[in-house]
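Q: Chain residues, written in single-letter form:
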Amino acid sequence: MIWFKKDILSNGEESKSVKVPVGLWVKCEHCGEIIYKKEAERNLDVCPKCNYHFRISALARINIVVDEGTFVEHDPLLEPVDGLDFKDLKKYKDRIKASQKETGLKDSLVSGEGLIGGQRAMLAAFDFSFMGGSMGSVVGEKIARMVERAVEAGCGVVIFSSSGGARMQESILSLMQMAKTSAALAKLKEAGLPYISVLTDPTMGGVTASFAMLGDVIVAEPRALVGFAGPRVIAETIRQKLPEGFQRAEYLLEHGMIDMIVERKMMKETLSRLLAMLAEKQG
Amino acid sequence: MVYRHWLEFEKPVEEIEKKIEELKAFQSEGPSRHADEIAKLEKKAKNLLKDIYSRLTPSQVTQVARHPDRPYTLDYIQNIFEDFMELHGDRCFKDDPAIVGGIARLEGAPVLVLGQQKGRNTKDKVLRNFGMPHPEGYRKALRLMELAERFRRPIFTFIDTPGAYPGIGAEERGQSEAIATNLMAMSRLKVPIVTTVIGEGGSGGALAIGVADRVLMMEFSTYSVISPEGCAAILWKDGTKADLAAKALKIEAEELLKMGVVDKVVKEPVGGAHREPDAAYKNLKSALISSLKELSPLGQEDLIEARYKKFRGMGVFSEPKRY
Chain Z
0 MIWFKKDILS NGEESKSVKV PVGLWVKCEH CGEIIYKKEA ERNLDVCPKC NYHFRISALA
60 RINIVVDEGT FVEHDPLLEP VDGLDFKDLK KYKDRIKASQ KETGLKDSLV SGEGLIGGQR
120 AMLAAFDFSF MGGSMGSVVG EKIARMVERA VEAGCGVVIF SSSGGARMQE SILSLMQMAK
180 TSAALAKLKE AGLPYISVLT DPTMGGVTAS FAMLGDVIVA EPRALVGFAG PRVIAETIRQ
240 KLPEGFQRAE YLLEHGMIDM IVERKMMKET LSRLLAMLAE KQG
Chain S
0 MVYRHWLEFE KPVEEIEKKI EELKAFQSEG PSRHADEIAK LEKKAKNLLK DIYSRLTPSQ
60 VTQVARHPDR PYTLDYIQNI FEDFMELHGD RCFKDDPAIV GGIARLEGAP VLVLGQQKGR
120 NTKDKVLRNF GMPHPEGYRK ALRLMELAER FRRPIFTFID TPGAYPGIGA EERGQSEAIA
180 TNLMAMSRLK VPIVTTVIGE GGSGGALAIG VADRVLMMEF STYSVISPEG CAAILWKDGT
240 KADLAAKALK IEAEELLKMG VVDKVVKEPV GGAHREPDAA YKNLKSALIS SLKELSPLGQ
300 EDLIEARYKK FRGMGVFSEP KRY
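Note that the protein sequences, when read in sequence, are chains Z and S.
Quick note on numbering: numbering that gives the first Met the number 0 labels position 160 of the first sequence as 159, and the sequence is numbered without any gaps.
Quick note on numbering: numbering that gives the first Met the number 0 labels position 195 of the second sequence as 194, and the sequence is numbered without any gaps.
Next up, chain Z with everything else stripped away, as it sits in the complex (with noise of 0.2 Å):
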């Protein structure tokens, strides 16, 4: 920190106290690397040094993978309600209130559809900043109306998932969620279209069980955490410690779960060549 602390300081600064500029620097939740926001984003929110790949907002994730001015987004103004008047330490009305000003967005998905690299696809996005990514109502909606869209359309259909499961302050009806949204899959199936799931860094419980892992192709980001229960959960039922890398992309790949592991910067690519090879209409 002294070399910090000098830096600023050369600046000619005289307050006492040393102001380090809020939002300039971040710090690698994997290696511990302090990097330049700037140089951050300008590799896609990855690190450079140990390229870990940082959580990102649903609409960054769609920036990189469509084709610039093409992403129209679909059914903005679903919003939760809490229809069970769900209260524990806070009320849920209130946490839906606060995560929608702290992240702009309505609900955890962003849906809608543009082209990838030139292959038109319903795509959403799950934003992991609004309350964990967890599934409710209107994440389950959006899924479901989605995947009908793209099997009116005739295209196929991507979900990067980012979630701690489902959303416990609406009980029951999220864990329905579950079954609503796979059944919408079984119609896209049914009528020959592909689903591609992108797993990313987390992707737990509820949402894993239902539709991320049921893509023709499951491809992941790398060190993604993905799994049924958490890591702790299960450390405390077994109580014995877990093998080193579990729940990992990594080790999702060598145990059969999931068909590749894609670096960010060639999400695009591999989508779009996906899309093309299995939706492409021949002859």
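The set of hints was computed from the structure by calculation and includes no laboratory data.
Some clues are possibly wrong.
Claimed, not checked - Under the rule of at most 30 Å between Cα atoms (straight-line distance), these lysine-lysine pairs were calculated in the DSS-like manner: (1) S:Lys266 to Z:Lys89; (2) S:Lys263 to S:Lys308; (3) S:Lys281 to Z:Lys186; (4) S:Lys284 to S:Lys266; (5) S:Lys281 to Z:Lys86; (6) Z:Lys96 to S:Lys240; (7) Z:Lys86 to S:Lys246; (8) S:Lys281 to S:Lys263; (9) Z:Lys280 to Z:Lys186; (10) S:Lys45 to S:Lys266; (11) S:Lys124 to S:Lys240; (12) S:Lys236 to S:Lys266; (13) S:Lys257 to Z:Lys96; (14) Z:Lys89 to S:Lys246; (15) S:Lys246 to Z:Lys100; (16) S:Lys42 to S:Lys23; (17) Z:Lys186 to S:Lys292; (18) Z:Lys240 to S:Lys23; (19) Z:Lys90 to S:Lys240; (20) Z:Lys86 to Z:Lys100; (21) Z:Lys186 to S:Lys257; (22) Z:Lys240 to S:Lys124; (23) Z:Lys48 to Z:Lys240.
To be verified - The following label-pair restraints were derived from C-beta to C-beta distances: (24) Z:Met259 to S:Phe8: 52 to 60 Å; (25) S:Lys246 to Z:Ala234: 25 to 33 Å; (26) Z:His254 to S:Leu146: 23 to 31 Å; (27) S:Pro319 to Z:Asn62: 20 to 28 Å; (28) Z:Glu151 to S:Ser317: 18 to 26 Å; (29) S:Leu47 to Z:Glu253: 55 to 63 Å; (30) Z:Ala234 to S:Lys10: 31 to 39 Å.
Values in this document were obtained by computation on a predicted structure and should not be read as measured data.
Using N, Cα and C, we set each Cβ at its ideal position, and we do this for glycine too.
Position chain S against the provided structure of chain Z, taking the given hints into account.
A: Leaving out everything else, chain S in the frame of chain Z:
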């Protein structure tokens, strides 16, 4: 009758039952010296039990749903169906004893039955892994349901699990994939499916055999996205707040009926299914028969479309109109 397991909130009834036992022991001395008093106490005990069970809190319902004497899947199968033949294995890895299934007859007609199975004694509990299936259990369930579809047999599933097992092997072999695949496949099966939650309906591990045309629930069973203890640990950051979580989650049959997640609540005898299992079997049997009757007239396509619409319509949200 003396029960082995009394729940904390049943203590006042237990005390009266104890008194009755004592009086009965005295009876051997002289004929019916206490007969009047015994009859009076028995009536009192029954009324008290009825009263207690009419006002159970959500966390008390959870205790009844998990009661160690409660009928389990195999009890219902053996007492409702005839000619049960158990079928084993997922044809990939192993047979998971936490899920049982097979072919049987309901009033003479061949059907497929399956469900999570809990163990009665310590050895059996371990064998059944406390009713927590591994992926191979869900894959066995799907194999059996697809078998039923090929032979045009209706499917009856019974849910009774704390949840899918959270373990290393379960994750390595694709617990999520197995559950997800069942959800997708069940939504398109061409035969009628009737599910009954008979005890604990624990999250995705329960739903994985529960995407059905009719979802029934025994009166004192529960169905939830997470256990009250798990929910309390996460949202209250205190696992002992399970009472509050149970209430907030609305996990009881009547609440779920109101939300449209459950189609019918099946009455249990006073004091829970374990007190008079025969009454519970009888009630469920007639509910299963009438549910199947409702579905029988539907053609395959209508059946699948109705099932799709049923789950498609679940959830609450708002969508203001654009101006």
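Q: A separate judgement is required for each hint: does it hold in the structure or not?
A: Hint-by-hint comparison with the structure:
| no. | hint | result |
| --- | --- | --- |
| 1 | S:Lys266 to Z:Lys89 | 35 Å, violated |
| 2 | S:Lys263 to S:Lys308 | 18 Å, holds |
| 3 | S:Lys281 to Z:Lys186 | 38 Å, violated |
| 4 | S:Lys284 to S:Lys266 | 12 Å, holds |
| 5 | S:Lys281 to Z:Lys86 | 39 Å, violated |
| 6 | Z:Lys96 to S:Lys240 | 25 Å, holds |
| 7 | Z:Lys86 to S:Lys246 | 10 Å, holds |
| 8 | S:Lys281 to S:Lys263 | 15 Å, holds |
| 9 | Z:Lys280 to Z:Lys186 | 19 Å, holds |
| 10 | S:Lys45 to S:Lys266 | 17 Å, holds |
| 11 | S:Lys124 to S:Lys240 | 27 Å, holds |
| 12 | S:Lys236 to S:Lys266 | 35 Å, violated |
| 13 | S:Lys257 to Z:Lys96 | 26 Å, holds |
| 14 | Z:Lys89 to S:Lys246 | 15 Å, holds |
| 15 | S:Lys246 to Z:Lys100 | 29 Å, holds |
| 16 | S:Lys42 to S:Lys23 | 15 Å, holds |
| 17 | Z:Lys186 to S:Lys292 | 27 Å, holds |
| 18 | Z:Lys240 to S:Lys23 | 56 Å, violated |
| 19 | Z:Lys90 to S:Lys240 | 16 Å, holds |
| 20 | Z:Lys86 to Z:Lys100 | 19 Å, holds |
| 21 | Z:Lys186 to S:Lys257 | 28 Å, holds |
| 22 | Z:Lys240 to S:Lys124 | 24 Å, holds |
| 23 | Z:Lys48 to Z:Lys240 | 29 Å, holds |
| 24 | Z:Met259 to S:Phe8: 52 to 60 Å | 55 Å, holds |
| 25 | S:Lys246 to Z:Ala234: 25 to 33 Å | 29 Å, holds |
| 26 | Z:His254 to S:Leu146: 23 to 31 Å | 28 Å, holds |
| 27 | S:Pro319 to Z:Asn62: 20 to 28 Å | 26 Å, holds |
| 28 | Z:Glu151 to S:Ser317: 18 to 26 Å | 24 Å, holds |
| 29 | S:Leu47 to Z:Glu253: 55 to 63 Å | 60 Å, holds |
| 30 | Z:Ala234 to S:Lys10: 31 to 39 Å | 37 Å, holds |
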